[in-house]
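*Asks:* The primary structure of each chain is shown beneath.
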Amino acid sequence: MTATLTRGAERLHAAFARAQAEGRAAFIPFMTAGYPTAEAFPAVADALLSQADILEVGLPYSDPLGDGPTIQRASEQALAGGTSTRRTLELVGALRQRHDQPIVVMTYVNPIYAVGPREFMRLAQEAGVDGLILPDLPPDQDIEIADLAAEHGLAVTFLIAPTSTPERVRLVAEACTGFLYAVSVTGVTGAREGAALGEVPAMLALARQHARVPIAVGFGVKDRQTAHQVAQVADGVVVGSAFINAIAGGQDVAALAADIAAGCRRD
Amino acid sequence: MSLTLPTYPQPDARGRYGRFGGRYVPETLIPALDELEQAYNAAKTDPEFLNELARLLTDFVGRPSGLYLAQRLTDHAGGAKIYLKREDQNYTGAHKINNCLAQALLARRMGKRRVIAETGAGQHGVASATAAALLGLECIVYMGAEDIRRQAMNVFRMKLLGAEVREVTSGTSTLKDATNEAIRDWVTNVRDTFYILGSVVGPHPYPAMVRDFQSVIGEEVKVQLQDLEGRAAPDAIVACVGGGSNAIGIFAPYAYLPPAQRPRLIGTEAAGEGVDSGKHAASVAGGRIGVLHGSLMYLLNDAEGQIVPPHSISAGLDYPGIGPEHCYYSETGVAEYVPVTDAQALEGLQLLTRLEGIIPALESAHAIYHAVQLARELGPEGVIVVNLSGRGDKDVAEVMRLLDLEAQSPEAQSPEALSSAAQSPEPQREEVTA
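Sequence lines, in order, name chains A and B. For the first sequence, the residue numbers in UniProt numbering are 1 to 267. For the second sequence, the residue numbers in UniProt numbering are 1 to 434.
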C-alpha cells in the first residue's frame, strides 16, 4: 500500500465520494478506444461522459482472454481501424482536454511490456490517464508495473472474483490504489441473461474488510435494472458490452447511458 | 514399468524460470491454479497415482517407445549416428498422449468430470478425447476453424471418441485463438472443469507439470542409449518446438546436468517461409519478450504488443509463443534454437519416408532436417537422438497437396510413397465436415 495517494487515486476517490454524497453508486461506463472508428470514438466517449462519474477506456488488444465476444469484436474492429496502444493514449489525451472526470485505461499487460513499462506509464501520464485496470495481472505477479504506475501518478485497479479466497481478496484489495474491481460472476465480460447479484454481496462483505478504496462491480451489468441491483451494494457500477452492443445495433448511446446512470441511484 | 516423476531445479516457487513464466491470468483462475498445483504436488508422490499412470503408459500407450538407429538416414547424412526416439509409436500417434492421460487422471482425482482442451494439429485434441473416453469424462475440444479444415480426420476422430469439437472463429481462427477460448471456458466453468493444457505453455503450474509428464521420453532415452551405446547421453538431441512439449520431454532430463555431461540440446523452430519473411512461427529467432496465455515468454508480437499471427506448414507448430522453460534454456545457453523452414521440413519428411519407411509428422520433420545437417557437422564419432514426436498420418493430405504443387517443377520426384499412404483423403474430408 502506497503511503501517499497518487494524483490519479485522489481524483478517483473524489469521484466516488461525489456520487456517494448524491446517493448514487458511481457510474463507470466502458468503451473500447477507436470503436466503432477512431473518428467516431470521441463523440461516443462524449456521450458516455455526459453521464459518467468515471470513464473506462479499453485498449484494443488482439488476444483479450478476459473479455467475451462483444468486446473482442470491438477490439478487432478498432485495431483494423488503426487504433493501437499509442493511438489509444492519444485519444484519451484528447478527451482529457474536454472533460474533467477521471479516465482509467483497461489494458492487458502485453502492450505495456511491448512499449516498455516506463515508457507506457510516461505516455499514460502525459495523456492525463488517472488509473489502469489490469485484467490479466494479479497483483503478486509483477510489482514493477504497480510501482511504475504510482511513480507516474497513476492509480491501479486489480480484480477479485467469486472464486477468490479470503487470502486472495486481502492481497488484491490491499494492492489496489484506485478502486477495487469485483467481477460479479465467474466468466468473461459480456451481457448475460438472468444476471443477478448472486455471490456479489458475500464477496463485497469480504472485500470491505480489507479494501481501503472504493469497490466497483462489473461483468454482466447491462441495463438500468441490473445497474440498480448492483448500486445497492457497490460503490461503483461498470457497464461495458451493453454500450458496444448499442453502437453495433445503431441505438442511441447517450440515451442508454442516461437510463443506466439513473439506475445507479440508491433506494 | 515403475514410474517416478522427476524433480527439477526450475521453476522457482512463483512459477518462474529465470524471468520467464508466471501466472498472467484473470484473478478468477488463480485459486484454481493454486488448487491444481496442490493436487499435482500431492499426486506426484502418491504411489496409487503413479502406479495407475505407469500401467496406462505401458499397457495403453505402449511405452517404452523404441529408440531406433536410423541406419539408412545415418548413411545418407554421412556423419554421426542418428537415433530416433519413436514417440510416433505411441497409441494415438504422438507424444501428446503421455501428458493427456496423466492430466485426465489428475482431473478424475480432483473430482472434475468435465475436461476441456485446445488443439492445433489435432493430436492433443485426439489424445485428450481418448483419455476422456478411457476415464469416462466429458470432453470439449476448442479448435480453430482454419485447423478444422486442415485436420479433418483428427476432428472426426475426436467426435468418434465422444468429444465435442467447438469451432473457434475469433481472431485468426488458429491455435492461439482456440487457446483463448479454452481459457475463457475455464474462467467461466472453473469450479467443475479441468483444463488439459497441451504444451509447456500457460500459467504455472502447467509448464512444469506438462514437462514432468513428458520427461518419460528423455528418461527412457537415458536407459535405452546406455544399452545401445554404453552411455546415457548422446552428443546432441534434436526436437521440434512449437509450444515445446516434446522437446522439453526429451531435453529436461539432461538440461540440469553439469555442462560437461550435457548433450547439445537443439530445438528446431518453424521458420515457415523464412524468419526474415515475417511468415514464420520462430518465437526465439523472430520474437521478443511478451505475455500470452498466462506466461512471460518469447512471443511474436509487434512494437505495440499486438500478437502477430504465426505461420508454419505444420499446424502443430503454428503458435506465436514458446514455453517459458525453453526461453530460460535459450537465455542461459542450455539449449540452442535453430530455424527450419517449411521447405526444409518437407525435405526432411520425404527423406525419412524414403530412407526408413517412416512417415513423420510435419512437426518432427523439422527436427529430422536439422539432424541430417548436424550429423555432418559432428562426424562419424557422434551420436544424435532425434525426438520423432509424432507420425505423419494426419499430414498426408496436406503433404500431397504441397508435393502436387512442387511436382510441376521438372526436378521433383514423384511422391509414390506419400500418395499411396494418403488414399484419397478428399472424400473422407467431405464426410467429416458434412
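These are calculated hints, taken from the structure and not from any lab test. Worth double-checking, as some hints may not be accurate.
Here are some of the chain A residues that sit facing chain B, going by a computed Cβ distance under 8 Å [claimed, not checked]:
(1) Q72
(2) R86
(3) V172
(4) L206
(5) N245
(6) I247
Because the structure is a prediction, the values reported are computed rather than measured. Every residue gets a Cβ at the ideal spot worked out from N, C-alpha and C, and that includes glycine.
*Asks:* Work down the list of hints and note, for each, if the structure agrees.
*Replies:* Structure-based check of each hint:
The restraint placing Q72/A at the interface with chain B holds, with a minimum CB-CB distance near 6 Å, inside the 8 Å limit. Taking 8 Å as the C-beta contact cut-off toward chain B, the hint placing R86/A at the interface holds, the least distance being around 6 Å. At a threshold of 8 Å, the smallest CB-CB gap from V172/A to chain B is about 6 Å, leaving the interface hint in force. For the restraint placing L206/A at the interface with chain B, the shortest Cβ-Cβ distance is roughly 13 Å, beyond the 8 Å limit, so the hint is violated.
Because the beta carbon of N245/A sits about 17 Å from the nearest beta carbon in chain B, more than 8 Å, this interface hint is broken. With 8 Å as the threshold, the beta carbon of I247/A stays out of range of chain B, its nearest partner Cβ sitting at about 19 Å, so the hint is violated.
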